[in-house]
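Protein chains in written order, with this note's numbering: chain W, 1 to 328; chain B, 329 to 836; chain X, 837 to 1162.
No wet-lab data here; the hints were simulated from the structure. Take the hints with a grain of salt, since some may be wrong.
Now the stretches of chain X that chain W is said to cover, found in silico as 3 or more residues with beta-carbon under 8 Å [said to hold, decoys possible]: (1) 884 to 898; (2) 950 to 959; (3) 1129 to 1140; (4) 1152 to 1160.
Glycine included, each C-beta is placed from N, C-alpha and C at the ideal position.
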Amino acid sequence: MSESKLPVATIPALRFAFDRSLVIAFSCIILMLLGGALYSREFLSPEYLLQQLQISAFLGIIASGAMMVILIGHIDLSIPWTVTLGAMMATAVAGWFGETGNLLAIPVGVFCGAMVGLLNGLGVAYLRLPSMIFTLGMNAVVQGLMVLHTGGFAPQDHATDAMHFLAVGRPVFGIPNALLIWVVVGALTIFLLTRTAFGRRVYAVGNREAAAYLSGVNTNAVIIWCFVLSGAAAAFAGVLLAGYSTKAYQAMGDPYLLPAIAAVVLGGTNILGGRGNYLGTIAGVILITLLQSILAVMQMPEAGRQIIYGVVILAMLLAYGRGDIDRK
Amino acid sequence: MSDAAPILEMKHVSKRYGGIAALNEVDFVAYPGEIHAVLGENGAGKSTLIKIAAGVTDPSDGEVFVDGRRVNFRNPTEAMAAGVVCVFQELSLLPDLTVADNLSIVSPPLRGGLIDSAGQRQRARELLASIGCEDVHPLELVRDLPLSRRQMVEIAKALGKKPKLLILDEATSALTAADVERVYAIIRKLRSEGVGILYVSHRMHEIEALADVATVFRNGRRIETFRKGERSVSAIVQMMIGRELTHHYPDKPAPKPAEPVALSAKNLSWGAQLRDISLDIRKGEIVGLGGLDGQGQRSLLLALFGVLKGVSGTVEIVGKPHRLSGPRSAMRASLPLALIPEDRKTEGLMLPMNIRDNISLASLSRFQKGLRLDGGKEHSAVERIIDSLKIKISDLAAAVSTLSGGNQQKVVLAKWLMTDPGIILLNDPTRGIDVGTKQEVYQLLRDLADKGVAVLFYSTDYAELIGCCDRVLVMYNGSIARELEGQHLNERTIIETALNVDDKEQAA
Amino acid sequence: MNDLRHRIHHNGGLLAAIGLFIVMFIIYVSNHPVGLTAAVATTASNKAVLLALVAMAQTLPVLTRGLDLSVGMVFILANCLASVLVVGTIGEGFLGIAIVLGAGALAGFINGAIIVWGRLQPIITTLATGAVYYGIALYVRPGPGGDVQSDIADFATGQLFGVIPTALVVLLAIVLIVWLPYRNSVLGRAAYAVGSNEQAAYMSGVPVQRAKLLAYTLAGFLAAIGGLMLTFNTYSGEASAPIAGTYTLNSIAAVVIGGTSLFGGWGSAIGSIFGAFVLRTIEDLLFVFDLDPLWQPLFQGVVLLAAVSLGALRVLRIRNRLELFA
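Take these sequences, add in the hints, and give me the full structure.
Quick look at the structure:
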């Protein structure tokens, strides 16, 4: 067996790598829609597309936060229970405080998520623990808290009208509110990443934290803020999900961890940090949502869905990577 | 010896990365029993030549022969099997493994198909003894060794492979003077045993001391091959840079009336590495830090920049107390500090990020307009500094990794000059960069000093300290052994102090 | 003596994990209503060995500075396969075992192949293959059920000579037959080399690709042994995503507690075994101290977080802030 050469000159090609993964991702989206259209013409109807975008909005919001953390070279594995936490705290606050509670529900839900993010950030930045393991521990702690919360206090679990409205309402030209919210969250993320000093520092920390530190970047603050944003985004998505399904329930965030990370990575963001743009994440989110939807429409059994899901992610990533090797 | 068959022969070898030729139609021959110096600026093609010989990369065109046999190495393992062994500048040791493991990493002594750890330790002890490194225990982890010991282990590792052609790429850059002598002795012994040696170094005096033959490269081409003594040093430098050099170092200004003290440190101590260090640097002054490598110079610079925890003593900046709490507070001092770090690739730059992002990183806050970055203002500031430092780039949006070593170092300098520092700390900034850029760095430092900037300049190259600095502080074992100035500032006194030889003689 | 000092220095993490386990186990046994009987020991070890095996599996990729997020899925896949294949006579049972182990090794090899030749990041690769392996497990066993060759199962979960839990003997045998030879083989050491500094390893002529392939393949193999042992305990198979997820996560925690660096190049599978034992003993302690079940998940989470936070002590010793970013 021969050992092949180390990649020597992949770096100059980076800017094209973004484009390449974007092109592949968007081509796959179109192919899926066309393939779906062969199966049923419904796939190209505006109603179906809007519905898909509405569903992808939840994943999109979670992925926006996950992307911030991945860009600094870390990972947030506490997303599942942060989503659930956001949903449960929002509904519980609504139950406890009546009218005021209804107003407070959404901010409190998001705030709780931000607090989880803060703890994650503190652990990763100041204790210098690997994010993979620390956020995993936080996930277990939040899970424990929620088990205690629901079991011990039997809080309200149904969503407020406002949450329901934000998640499923369509007051503007029939465009789902959830989609509009994702557009706003996405626009803010793009602004943050490309137009602010903070965004520049995020990429700097993700590329080489020591060099960023020596250049006077407060790397700990950057790390903490990214985790706070991730926690807040996950909890906000939880609030909306509770509105969508009208209630908060145990483990409701579990199905979102892998799709969120997969969406970010399929969008061309380097899992080791430092490289990636939000347009790719949008493509990744839509791609994953469509894939799930098509498999559901085809009434594929769960076993087949899992296999196809995994194989598609691998195949796409291999296709991205193959490009790098070709160019060398 | 030249009548022997060549150990390494390259015919019309070229190597292209993208459209750029790193090596262009090169013919090169090295014979057994000869020390062959390979000279050239960074980017001249030396490292590409070495990488091809050592199997790290393959040529785009041309033929390579080792020991008369046509070869096409696919990886370093195959090159080693053919007897070509390389000691790389970037150390190839494995930090988490023991010295014994490292020395026998490829073909360890086996017993019953498994690694014979006792045999391996014995082998390590022998190899270490052969280069005079008995002080290194075979079970010590490489990451616990100082850089100079690591480099010796690296050399021991290469010797253990019984090379027919040994390539040393800047292999002595971190060694102490005594170790360098030992390495020279080993190299000469190998020569007498008929081993061919390729020796790459930026230090002219090393070349003079060792080489039988030298080849100069420039812009990917072989310029000339000549035997020892056939060319003068200035002629060689001329070949390397391809342009006339009038001065090696900028003129030092005549002694000026005393400027105010910019930075004053009193009784700085940090573990065993810094002992009771006091120093003053005046505005407009270039103060050198000398001494053998690893005597605390690097720690001193890091301590002044606030990177080290638990430093005792006080620091004042223009008379005001300064707390050593980190780069950010250093940059906010009344005379802002800047540090050009030791390793530009891991501490100075974000290699995959573009040139603009790297240069503006330390001064982003000044381009902030509300929440937003003012892209236009940033762009013009970056362009201005690139012009003034003459950084050769094709595109601001190109990754820094595409630049040559010298230009990368200029990007680091540009980043810090953009912060308008009042005090600049430099940690061996010219290590591994080409002659031309070195000259520019010297001139830049002098220009800054003329503008009133205080400079603290650590260099492993004595000639550089003598040529550039107004004063030199020589460190030994964590403290400042002696301050040299005026006519006392010469190679002899620096070396004497660095080696801490006989105090009485100095006093006399 | 000097040698000894170095050896202790090299194995600090392992010794700490063993110490922690001994302390916790003494607390557990001294508070257990029955005390340390063969039956109590067997039950405890049957459970602990499952995680120990998965944690050993996780150690190998981690040493190469990788990660295998599919170990839990391979563990479950082996469980489901075993509930179909390890049936019938003892002979047929052993044939089934061989097939299950082969499938585990194949799953690991596929991970390694994608990482080595496809050049994808281990995290994302094993996330994706994990989904595939789970899908296959679900295909093999859509609902919980199945059976297992009961003679083999009873033997593997019983006691040797009426005292020693067989599961522990199996674990010891794996350490002796698989881990120690691996650790002292050229490719095993190459795995450490790759984790320590991949570029330097390549430059030194270390077989980087083969080392990674073997590490992931062995990981799949060890996870499959874990899945087999699970089947022998439960006499059935179940394609449960939560169980798979829990084992994957706990395996990482066990690796960390066992003193292996998540940054590669440093640690040992023996440490991970004790890390797994520590985690299991925590659960058992909750049981003997009769904690309100409602509080148990929170308590477990806090203990897990606290255990991994011990790693932060390193920060206190760092005096050069640049080392924080290594």
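Tested hints:
1. With 0 residues bearing a CB less than 8 Å from a CB of chain W, the stretch 884 to 898 of chain X misses the requirement of three and the coverage assertion fails.
2. Counting residues of the stretch 950 to 959 of chain X whose CB lies closer than 8 Å to any CB of chain W gives 6, so the stated coverage by that chain holds, three being the minimum.
3. For the stretch 1129 to 1140 of chain X, the stated coverage by chain W holds: 10 residues have a C-beta nearer than 8 Å to a C-beta of that chain, and at least 3 were required.
4. Remark: the stretch 1152 to 1160 of chain X is confirmed as covered by chain W, as 3 of its residues place a Cβ nearer than 8 Å to a Cβ of that chain, reaching the required three.
Hint compliance for this structure: hint 1 alone is broken.
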